[in-house]
Amino acid sequence: MGKLNDTSVAAGVGAVLNNFNADMALVQSVGDDHGRGEFSLGYNF
Amino acid sequence: MRLGLLILCAFAVNQVHASRARLRAFNQDANGSFYVQDTRNMFLNPAFMSGQGESVQLDWGKQERTGTSTSAEAEGGYIQKMGNLNMGIQLGRVNDFSKDIRAYNAKLSDMTTAVNGGDFSEGQNNLDILFAGQSSMDWGAMLSVTRSKTATAVADKQAEVQAFEARGGVATKNFDGFVSLMLGAETVTEGAATDAELEQKFALLFGGGFAITPQQKIYARLRYATFDAKKKDNSVDYDGDDIEARIGFSRSKNMDKNARFFSAVELDFQKLDADDNKTTNVDEKYEVTSLPITLGIEADANSWLRLRGSVKQGILLGRTKSTAGVATGSKKWENSTTPQLRQEWARC
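First to last, the protein sequences are chains A and B. The first sequence runs 1 to 45 under my numbering. The second sequence runs 1 to 348 under my numbering.
In case anyone wonders, no lab produced these hints; they're calculated from the structure. All values reported here derive from a predicted model rather than from experimental measurement. Glycine residues also receive a C-beta, built at the ideal position from the N, C-alpha and C atoms. A few of these clues could be false.
As the list claims (entries may be wrong) - Facing chain A, a subset of chain B residues (Cβ under 10 Å, in silico):
no.: 1; residue: ARG20
no.: 2; residue: TYR78
no.: 3; residue: GLU298
no.: 4; residue: GLN313
What the hints assert, rightly or not - So these bits of chain B aren't anywhere near chain A, every CB distance computed over 10 Å:
no.: 5; residue: GLY83
no.: 6; residue: LEU127
no.: 7; residue: GLY133
no.: 8; residue: ALA153
no.: 9; residue: GLN158
no.: 10; residue: GLU186
no.: 11; residue: ALA193
no.: 12; residue: PHE210
no.: 13; residue: TYR224
no.: 14; residue: GLU244
no.: 15; residue: ILE247
no.: 16; residue: LYS257
My request is simple: use the sequences and hints to build the entire structure.
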């Protein structure tokens, strides 16, 4: 588990192609080396 | 959706750039932000679904839990227009009760394994049904249902989870507010020797925001819950309550026509108090006070590509106390670097 004053940094990118959108994010909590990734895909009618 | 666009026009989002990954990139709760405009804010206040276009969204990422779990967490849903109404369905979202189960599993030491669902299983097929519309103001309602029965690793044993939560909200040009009530929540996991049972008897959450200017907003939320957690062999019998309070201020700014910057500061207080009625066991207390600040930026690289990033860190008031590591029934409090209840930023 992390400490109280962990610094959490995150970065992401989003792209659009026609009605599709894709997003990706990487998050890292520096204090406890706890990282995660996210990926999202959407379609707008 | 006129509310959000008016309040945070400087940080408004084209709907095609809206997702759990986007909120994560801003260090926001995946179930909605008070100040970053995103379609997923409808899970915080269902009124924000009003006026949204029809869409399908799929999200995948590492499980939202402290510790070393590498399990994936997937969800998805769609929004459909029905005349003047919007209807939404979401499958697999991690709702408040699922988060509570994770927190209680991690913090109630007498429940033995006490990590990653070791005792209280989570629901396996969460469902959210939302409706939203517009009259004199935007309004919305959401019913969240968890109901599953799954086999455990022990032969002929199963875990049963059910929870029902109702949430409603309204939004105007300068104000938004919501309230949520847990209508009943229970998880029972059968074990080889005995069964573990968690019942959330009551949980009330309400909150909202007020736009001081189109770029500045204050917001707050308060949640209170009571629960029983016990083993049926009568060896553990927790009686607990759980409080979360947060107040914050955010500000957004156009850096130029292709980039937006936001900053926010919050005062966050969380407390969990669980008394084990068995005198030989340990009562558990956790208290966290923090003042995290968040800085974020989103920029258009070109017409189809956006880059975003953020940093979040507690400052000045960081304090945490717990009974973790106390080996007897004493309620002695110790300063600790380990306890975290549901700090969204630290959990990322």
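Checked hints:
1. Annotation: interface hint on ARG20 of chain B holds; nearest CB of chain A at approximately 5 Å, less than 10 Å.
2. Because the beta carbon of TYR78 of chain B sits about 9 Å from the nearest beta carbon in chain A, less than 10 Å, this interface hint is met.
3. Hint on GLU298 of chain B holds. Least Cβ distance to chain A is approximately 9 Å, under the 10 Å limit.
4. Interface hint status for GLN313 of chain B: upheld, as the beta-carbon distance to the closest one in chain A is roughly 4 Å, under 10 Å.
5. The beta carbon of GLY83 of chain B is kept farther than 10 Å from every beta carbon of chain A, the shortest such distance being approximately 16 Å.
6. Annotated as non-interface, LEU127 of chain B keeps its C-beta farther than 10 Å from every C-beta of chain A; the closest such distance is 20 Å.
7. Residue placement check: GLY133 of chain B keeps its beta carbon more than 10 Å from all beta carbons of chain A (closest about 19 Å).
8. Every C-beta of chain A lies more than 10 Å from that of ALA153 of chain B, the closest at about 24 Å, which supports listing it as non-interface.
9. Here GLN158 of chain B stays apart from chain A, with its beta-carbon at least about 30 Å from theirs, past the 10 Å limit.
10. Interface exclusion of GLU186 of chain B from chain A stands, the closest Cβ pair being 27 Å apart, more than 10 Å.
11. Chain A leaves ALA193 of chain B outside its interface by the beta-carbon criterion, the shortest separation being 28 Å against a cut-off of 10 Å.
12. Separation of PHE210 of chain B from chain A is adequate, the least Cβ-Cβ distance of about 27 Å exceeding the 10 Å criterion.
13. With a closest Cβ-Cβ approach of about 23 Å to chain A, TYR224 of chain B is found to remain outside the 10 Å limit, as its non-interface label requires.
14. No beta-carbon of chain A is positioned within 10 Å of the beta-carbon of GLU244 of chain B; the least distance is around 16 Å.
15. The claim that ILE247 of chain B is not at the interface with chain A holds, since no C-beta of that chain comes within 10 Å of its own (minimum 19 Å).
16. For LYS257 of chain B, the condition that its CB be more than 10 Å from all CB atoms of chain A holds, with the nearest at approximately 18 Å.
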